[in-house]
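Sequence order for the protein chains is A and B.
For the first sequence, counting from 1, position 309 maps to 309 in full-length UniProt numbering; every step adds exactly one.
For the second sequence, counting from 1, position 155 maps to 155 in full-length UniProt numbering; every step adds exactly one.
To be clear, the hints were calculated from the coordinates, so they are not data collected in a lab.
One thing to keep in mind: the hints can contain errors.
Covered stretches of chain A (chain B as the covering partner; in silico rule of three or more C-beta atoms under 8 Å from a C-beta of chain B) [stated by the list, open to error]:
# : stretch
1 : 161-169
2 : 173-182
3 : 186-196
4 : 399-408
In silico negatives: residues of chain B with every beta carbon more than 12 Å from chain A [unchecked claim]:
#  : residue
5  : Ala12
6  : Ala57
7  : Met117
8  : Val151
9  : Glu185
10 : Ser188
We put the beta carbon where it would ideally sit given N, CA and C, even for glycine.
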Amino acid sequence: MSALPTPAPARAKTPRLAAAVSIAAAVGLPVGLFALILFIVPVLQPDLLDAFIRERLHHDPATWAWRDAVYAVALVVLAFVFANFAAIFSGILSWWERRVAGRIQSRIGPNRAGVGGFLVWIADAVKLLLKEDLVPADADRILFRAAPYFVMAGFILTFVVLPFGESIAVTDMNVGLFYITSITALVVVGILLSGWSSNSKWALFGGMRSAAQVVSYEIPAGLAIMIPVLMAGTLSMQGIIRAQGGLPWQWFMFRNPAAFVTFFIFFTSQLAEANRTPFDLPEAESELVAGYLSEYSGFRFALFFLAEWGNLWVMAAMAVTIFLGGWQIPFVPNELYGQLKGIGFPPLAWWGLQAASMAIFAVKTIFLVNVIVWIRWTLPRIRVDQMMSLCWKYLVPVSFACFLFTLLWQIAVAAVPALETAMGLGLTAAAVVLAVLFARQTHRNIAAVGDRIDLSNW
Amino acid sequence: MILRRVLAWAAAAAFLVAFVVLVTSRIVVPMSPTGQEVVAGPLTAFDLSFYLLSGLAFVGAFGVALSKNVLHSAIGLLIALLGGGALYVLLSADFVAVAQLLVYVGGVLVLVLFAVMLTARIEEVNISNKSFGVFGGLALFFATAPVLSFVAVKTPWPLRQSPELVASTEAIGNEFLGRYLLPFEVASLVLLATLIGAVVIARKETRPE
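The following block holds chain A by itself, in its conformation from the complex (with noise of 0.2 Å):
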């Protein structure tokens, strides 16, 4: 038709290799991840890993010398898989985010590596790696080299007591919720550090903005995450969560008024810890140029983004935790996963309900993660005076409100175990409905200015 040669045989080729690339590894990267996860956290236990030791390896367990060589090589291989899940995790939503962005602003966003530019992150990092890591003349060399460590130890740490499924946990810590609200102040001091090592007045400015924005939210999270202690008794994660059941109405969400208010109060200060929009004052790249990173390139500015990505997951993973019954299934109960279990090696049908306790937990967690997504696209950023004033005027108070109230609230249950069903059930059904009228308002202001609901175009 044309006089132009056309290159159709060439270009044919390439975006289908490209597109059968990106397929598979959107597709087999969380789910390899996922099952890599669920196969072997239960595995590297001490139960389990006693007895290899004793069956495969003949030897007694109690007495062996090289037995805790054997640990701490299930710790190292661990430690290794769950900071793989944090980076592919973080750069998956790095992706995903800046389709989500594009999608909201109108725009396309990244769609040029493999099908709807999945590829982009992998892109990205090859590229940040291969950046010089430039340190300023005027810098404060040993902190400025040393602050992203502080950041990338304070998020992939959480790790440790982070429950994936029923079993899948590497550790159930007695004291975990507790553990994970103090390990994350090694991000404050490496934000901290950064900002100041840079020897740069933004970087200083969004360093001390962050520091002061997570100091203040750290009491209303703290008083918050103590509403769920307080109802099941405990502060280790996989306690809080078999406190709850698998239906709504059996969250701690909806089975206390206070809990219901807590919520949204955690859920802003995560927000507000991980300097997230509409509290990315620290970052405001309007104002600050990019805040305490505002120096960084190559690696270490990768490693701040990872972090701040991965700890979407973290917030996502906690609030599911302690508020939206974690990876509780339906109508199954937790003795059933121990009658299951039996001595030495798991049956097929425990890794099954293992398998399926993952999946809500991972559901959950990812509706979150596209939540938080959502808030950054829809809000404008608050000022600084706005941000402390809400924290210490509204949620600072309202958050020890819900704290007493809880108190008084776990006596009258203690009395009347009715009253936690009913108030379950209501606040559900409350719940529902105002989602069912956000839906419906939604729908009507999109419809108000004569556009329709479009999810074409990808």
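Once you've looked at the hints, dock chain B against the given chain A.
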């Protein structure tokens, strides 16, 4: 002038030595004839992690004392506190370890960093740690080191052979609300008074002149 400083340091050293001697004479019990002998056994993983973590804490402490840059000192403090917290874990005091992390790393250290960055002379952090009297430091060191090393070597420390991690949160809670209720409440009153005092001091400028 010099004489006064020497006298002050000597008095401080004497006071410190007297304090250490008094405290050790109270808590160090004489070796009983049936006391367990300390035997050097093979190096287990527990011992190894103990030495590694104490080494870490030592390195951090030296960093605090010897660094001339106040922010490097703060990082040394962070390392020392992390090492101390890890030693608590080895002693199966999980709640204390996490509380150490939360209070000292999450609270005190962040506030230290925050305060240092708010100072007007942030440009000159390098001068911040130089008021370090060599003579006084050496005097204190030579006064206390023999006493402390004597105590460390000669005390029949009780041996605990169970490095099993036993959850302690519940026991701590029960003790706080049972046997130690009064000290617990008094401590919380002190903290409350401190909090209110801090607010009052910080709000000084809004008072009518």
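Fill in: Minimum Cβ-Cβ distance from Ala57/B to chain A exceeds 12 Å
It holds; Ala57/B is separated from chain A by about 17 Å at its closest Cβ, greater than 12 Å.
Worksheet entry | Proximity test - 8 Å, beta-carbon atoms, the stretch 161-169 of chain A to chain B, at least three hits | violated (count 0)
Practice prompt. Hey, is Ser188/B genuinely clear of chain A, shortest beta carbon separation above 12 Å?
Written response: Consistent with the label, Ser188/B stays out of reach of chain A, its closest Cβ about 15 Å off (over 12 Å).
Worksheet item: Does Ala12/B really sit off the interface, with its C-beta more than 12 Å from all C-beta atoms of chain A?
Response: Consistent with the label, Ala12/B stays out of reach of chain A, its closest Cβ about 33 Å off (over 12 Å).
Worksheet item: Is the Cβ of Val151/B more than 12 Å away from each Cβ in chain A?
Response: holds (32 Å)
Item to complete: Confirm or reject the coverage of the stretch 173-182 of chain A by chain B under the rule of 3 or more residues with a beta carbon closer than 8 Å to the chain's beta carbons.
Response: Coverage by chain B holds for the stretch 173-182 of chain A (7 residues, Cβ < 8 Å).
Item to complete: Run the C-beta distances from Glu185/B to all of chain A and say if the shortest one exceeds 12 Å.
Response: holds (17 Å)
Discussion item. Is the coverage entry for the stretch 186-196 of chain A by chain B consistent with the three-residue Cβ rule at 8 Å?
Written reply: holds (count 7)
Discussion item. If we take the beta carbon of Met117/B, is the closest beta carbon in chain A still more than 12 Å away?
Written reply: Non-interface label fails for Met117/B: nearest chain A Cβ at 6 Å, not farther than 12 Å.
Discussion item. Using a Cβ cutoff of 8 Å, are there at least 3 residues of the stretch 399-408 of chain A near chain B, or does the coverage claim fail?
Written reply: violated (count 0)
Hint check: violations occur at hints 1, 4, 7; the rest are consistent with the structure.
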